[in-house]
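**Student:** Sequence order for the protein chains is A and B. Counting along the first sequence from 1, when you hit position 116 you're at 152 in the numbering used here, and nothing is skipped either side. Counting along the second sequence from 1, when you hit position 44 you're at 1245 in the numbering used here, and nothing is skipped either side.
Honestly, I wouldn't trust all of these hints.
[As the list claims (entries may be wrong)] Selected chain B positions facing chain A (in silico; Cβ < 10 Å):
1. 1283
2. 1309
3. 1313
4. 1316
5. 1340
[As the list claims (entries may be wrong)] Here are a few chain B residues that face chain A, going by a calculated C-beta distance under 7 Å:
6. 1252
7. 1263
8. 1280
9. 1281
10. 1282
11. 1310
12. 1312
13. 1314
14. 1317
15. 1322
16. 1325
17. 1326
18. 1327
19. 1329
20. 1332
Just so you know, these hints were derived from the structure itself, not from any lab. Remember, predicted model here, so these are calculated numbers, not experimental data. Glycine residues also receive a C-beta, built at the ideal position from the N, C-alpha and C atoms.
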Amino acid sequence: MNSEERYNRWIDDTLPDREHAALQSALAQQGISGTEREAVIATGKLLRQHVPAMEHADPFLEQILDRIRSERAANVRNSTRRPAGNSLAWSGFGFATLAVVGFFLLIPKPWTHVPPSEVYSVWAESDAVSAVAVHTPDHSAFVVWLDGLDYIPADHAIQ
Amino acid sequence: MLVTPGNLSALDATGVAPSTKLWSALVVATNQRNPPAPPPALAPYVPVLTRTFGYNRFDLINERLAVPGHNDDRWLVPSTELFLQLQPRPGGDSHRAFYLVRLFQKDRPLFASEIGLADGSPLYIRGPLWGQGQLLLILERRP
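Full structure from sequences and hints, please.
**Tutor:** Have a look at this one:
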């Protein structure tokens, strides 16, 4: 006997004496006294007096249960299949968008690419000077690197 | 014979875009504990200059924006000490031009180089030491 059935039988006063006493004690510990039980019993009596008895209660109950089961199944489908379809569509849209953005941002476009400046050859025109062409560390430009040049004193005007 | 910067002439029919200009700058690079902000003309180049040459302060000694010619030598970078000679070479298009570049210290030639200059892609030249600093030249083709 589960707790609901035990409670109903307690309301209907059909519990065996031993279980009745135990449940009464448990309810009393939870602050539920006899007055609540009396109120529930009175409500039940009123319902029985004013609501007509159902002649075919079992088919009616079965219809309600069928309706509940079908709505539960529909809810399950709604909560699983439809979002899955939506998320798949959104994922596809997201990947397509990323691909387009990546194409325009990351892939070099030959129709707009201008090659950087280049040094094709470099040579020193003085025996004491060495000249080499090197890339900047980020390879964005060339540097002609000269060594062996004469030091210019600070008091010597450049401009 | 040296041609003065004032002799820079307009373009003739060489295939070089008439609107193309060459910007050249003479810069002195030093290291300082709290360097001031670079001059606006150098600000775009400072990150590359710092990483390439290891200095943190860059002062602009002089700059020049000139229209490159065809037949005559062109002298860029106004300075009493350094002279940058530019001789256009055939070929090129609206985005790139070819030159023979020579650098002189007074009348002493230092180096020569054949280069292709593209718009917005500078060429850097590490020149001599001057006082406590390092002289650098920047050459850039601008549309």
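**Student:** Each hint should be assessed against the structure and marked as holding or not.
**Tutor:** A quick look at each hint next to the structure:
1. 1283: holds (7 Å)
2. 1309: holds (6 Å)
3. 1313: Since the shortest Cβ distance to chain A is 6 Å, the answer is holds.
4. 1316: holds (5 Å)
5. 1340: holds (8 Å)
6. 1252: holds (5 Å)
7. 1263: Holds, about 5 Å.
8. 1280: Interface hint status for residue 1280 of chain B: holds (6 Å vs cutoff 7 Å).
9. 1281: holds (6 Å)
10. 1282: holds (5 Å)
11. 1310: Interface hint status for residue 1310 of chain B: holds (4 Å vs cutoff 7 Å).
12. 1312: Since chain A brings a Cβ to about 4 Å from residue 1312 of chain B, closer than 7 Å, the hint holds.
13. 1314: Where the cut-off is 7 Å and the nearest Cβ of chain A is about 4 Å from residue 1314 of chain B, the hint holds.
14. 1317: Since chain A brings a Cβ to about 5 Å from residue 1317 of chain B, closer than 7 Å, the hint holds.
15. 1322: holds (4 Å)
16. 1325: Holds: closest Cβ of chain A sits about 4 Å from residue 1325 of chain B, inside 7 Å.
17. 1326: holds (5 Å)
18. 1327: Holds - the Cβ of residue 1327 of chain B comes within 7 Å of chain A, reaching about 5 Å at its closest.
19. 1329: Status holds, d = 4 Å.
20. 1332: Nearest chain A Cβ about 3 Å off; hint holds.
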